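Use these hints to put chain B with the ligand onto chain A, whose structure you have.
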Amino acid sequence: MKKLLKQLVIDTATKHIFLSLIIDGKERQFTYEEGINNHSVTIIPYLEEMLKKENMTLRDLDQIIVGIGPGSYTGVRIGVTVAKMIGYLNNPEVYTVSSLALIASAAEKPFVLALIDARRGNAFMGLYQNVSGKIVNIMSDSLENIENYKKGIQMDYVIIEDGKPQVEKIINSELLIKVKDIHSLTPNYLQVTEAERNLHNETDH
Amino acid sequence: MYVLGVETSCDETSVSIVKDGKDVLSNVVLSQIDIHKEYGGVVPEIASREHVKGITYVFDKAMNDAGLRYEDIDLIAVTKGPGLIGSLLIGVNAAKVISLSFNIPIIGIHHIAGHIYANHIDNGMEFPLLALVVSGGHTELILMKEHYDFNKLGETQDDAVGEAYDKIARVLGLPYPGGPIVDKKAAHGKDNLHFPRPMIDSGDFNFSFSGLKSHVINVHHNMKQRQEEINVEDFCASFQEAVTDVLVAKTIMAKEKFKVKQIIVAGGVAANSGLRSKMKESIQDIPVYFPKMAYCTDNAAMIAAAGYFQYIRNNKKADDLMLNGQSRLNLEG
Ligand SMILES: [Zn+2]
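Residue numbers (numbering that gives the first Met the number 0), protein chains in the order written: chain A, 0 to 204; chain B, 0 to 332.
Hints listed in this document are in silico derivations from the structure and should not be mistaken for laboratory results.
Model, not experiment: these values are computed from the prediction.
We put the CB at the ideal spot given by N, CA and C, even for glycine.
Treat the hints with caution; some may be incorrect.
What the hints assert, rightly or not - If the Cβ cut is set under 8 Å, some of the chain A residues that face chain B in the computed set are:
1) I43
2) R58
3) Y72
4) T73
5) I77
6) T80
7) I85
8) Y87
9) N90
10) K177
11) K179
12) I181
13) P186
14) T192
Claimed, not checked - Below, simulated DSS-like cross-link-like pairs (lysine-lysine); rule was C-alpha separation at most 30 Å, straight line:
15) K315/B <-> K51/A
16) K144/B <-> K21/B
17) K60/B <-> K179/A
Stated by the list, open to error - Here are a few chain A residues that sit away from chain B, every Cβ distance over 10 Å (derived from the structure):
18) L46
19) R76
20) M154
21) E160
22) E195
This is chain A alone, in the form it adopts within the complex (with noise of 0.2 Å):
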């Protein structure tokens, strides 16, 4: 019998949770769902959860693919720890994924603006065009004013803050970048902290 991919997806770096178990190129459990700062509990007992109605453990998984973000810097910290770690024990292989690109993934117009809010007017942002079953980045994510962003956008888009991700768009994508050497998985946060920001600007002064 041919072995059959089995793929994980994992993404917390909005107020919904979302993973994915992919088998064989279809989702065959997900969950997706609002929590108010309580990722931390849920993501481990509803992992168990699809696996167990699969049939599977941690150890079955052939690739996982972890939103890294931007977004939530507690949020995304944690599906990366996870993610991190279930790569570390269980060696399958793993890859990293824009969360926006994740978000876009849901809709069904042809460009997608992507957004999470970051207060102030502020938002993490980032483009993407839905091409035939797959999703394609268009401008590359960033964290900046909401205004200042869309006037570089020449086409006509829709903007979506969330919806649950259509995986299939994702696996299809060129999107996915293998992390070689697992210890060295951060999540990618756009911006350095406040503390440090405001140490350079001390000394440059």
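Chain B with the ligand only, in chain A's frame:
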């Protein structure tokens, strides 16, 4: 029983394997102290980022040092609080992945229970015992009548001792962390500035250090204004004598009242040489134990040691995978 300990409550990423609450097979500590030094204190967001960076490396090294496989581990003990929430969540989730991967029971540990059980690694425990917990976040006196039974007798009403040390160091222009450097300077100074001994006669087991801190800052400020020469070593000695006088006096008071058989001092400030010598000089009728230096500051060996006793005491009841970090947490449960 092999217990895998995990500690990420502040700025050290640590994993350790301890057998039966006593034999340390490995204790790996990835310290961020040099990173936070620049900021004069721990920056929570940076601490969380560093934990994610180092987490798998620390597990890998701890397992290799111990020469064990995950299949050999009988229990996972992870700090669940109190501490920086963003930091705690990294250790808790990493530990839960191991629990799920290898079907190993997991329990959440109170960080202070860990500091207390650091003493079990090198010394025995005889009950009733008195624990003085002194660190950057804690100053408390705890009475234990048996294993894993904690009764808080008193605690600081404001600043923790370690915190006061850091602030005094800053005023004196000394680098972070303040504890070790103030301790070092104090050894060469004289207690000649007559700082107050706050709450020494309060009759209870509580502490207060913010008044003392303000007093020291005022004296320093006034001397500077009058352009008097400031002897940093005397400042350190006078401050350290005031603090340790109070800590020792309250410890002796509790020792007499509860007729304890031993005293253990725990937490980062347990590394303070002034406190060590004053405790040992003032209390000679019963043993006073301090953990080895490596087990004074945050480490996972102490969490594994505490985990062993918590598990036994609770009839081997494990937590479920909903286990979460908590920034505030009561030791008495
Ligand atoms: Zn501590």
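Checklist entry - Is the straight-line distance between the alpha-carbon of K60/B and that of K179/A 30 Å or less? => result Given that 30 Å is the threshold and the Cα spacing comes to 19 Å, the pair holds.
Next on the checklist: R58/A was flagged as interface toward chain B. Is the shortest Cβ-Cβ separation under 8 Å?
Outcome noted: Given a least distance of 7 Å, the restraint on R58/A holds.
Checklist entry - Measuring from the C-beta of K179/A to each C-beta in chain B, is the shortest one below 8 Å? => result violated, 14 Å
Item to check | Restraint outcome when I85/A is required to lie within 8 Å of chain B by C-beta distance | outcome: Holds, about 6 Å.
Item to check | T192/A as an interface hint toward chain B, with CB separation required under 8 Å | outcome: Since the shortest Cβ distance to chain B is 5 Å, the answer is holds.
Next on the checklist: Would the hint on K177/A be counted as holding, given a Cβ-Cβ threshold of 8 Å to chain B?
Outcome noted: violated, 17 Å
Checklist entry - Would you say E160/A is clear of chain B, with no C-beta pair closer than or equal to 10 Å? => result The claim stands: E160/A keeps its Cβ more than 10 Å from every Cβ of chain B (closest is about 24 Å).
Checklist entry - Taking the closest Cβ pair, is T80/A under 8 Å from chain B? => result holds, 5 Å
Item to check | Status of the I181/A interface restraint (C-beta, 8 Å, chain B) | outcome: holds, 6 Å
Checklist entry - Is it the case that L46/A keeps its Cβ farther than 10 Å from each residue Cβ in chain B? => result It is violated; L46/A is separated from chain B by about 7 Å at its closest Cβ, not greater than 10 Å.
Item to check | Whether R76/A stays farther than 10 Å from all C-beta atoms of chain B, as the label says | outcome: Not fine: 5 Å to the nearest Cβ puts R76/A too close to chain B.
Next on the checklist: Under 8 Å is the threshold here; is the Cβ of Y72/A close enough to any Cβ of chain B for the hint to stand?
Outcome noted: At 7 Å from the nearest chain B Cβ, Y72/A passes the 8 Å test, so the hint holds.
Checked against the numbered hints above, the structure breaks hints 9, 10, 11, 18, 19, 22 and satisfies the rest.
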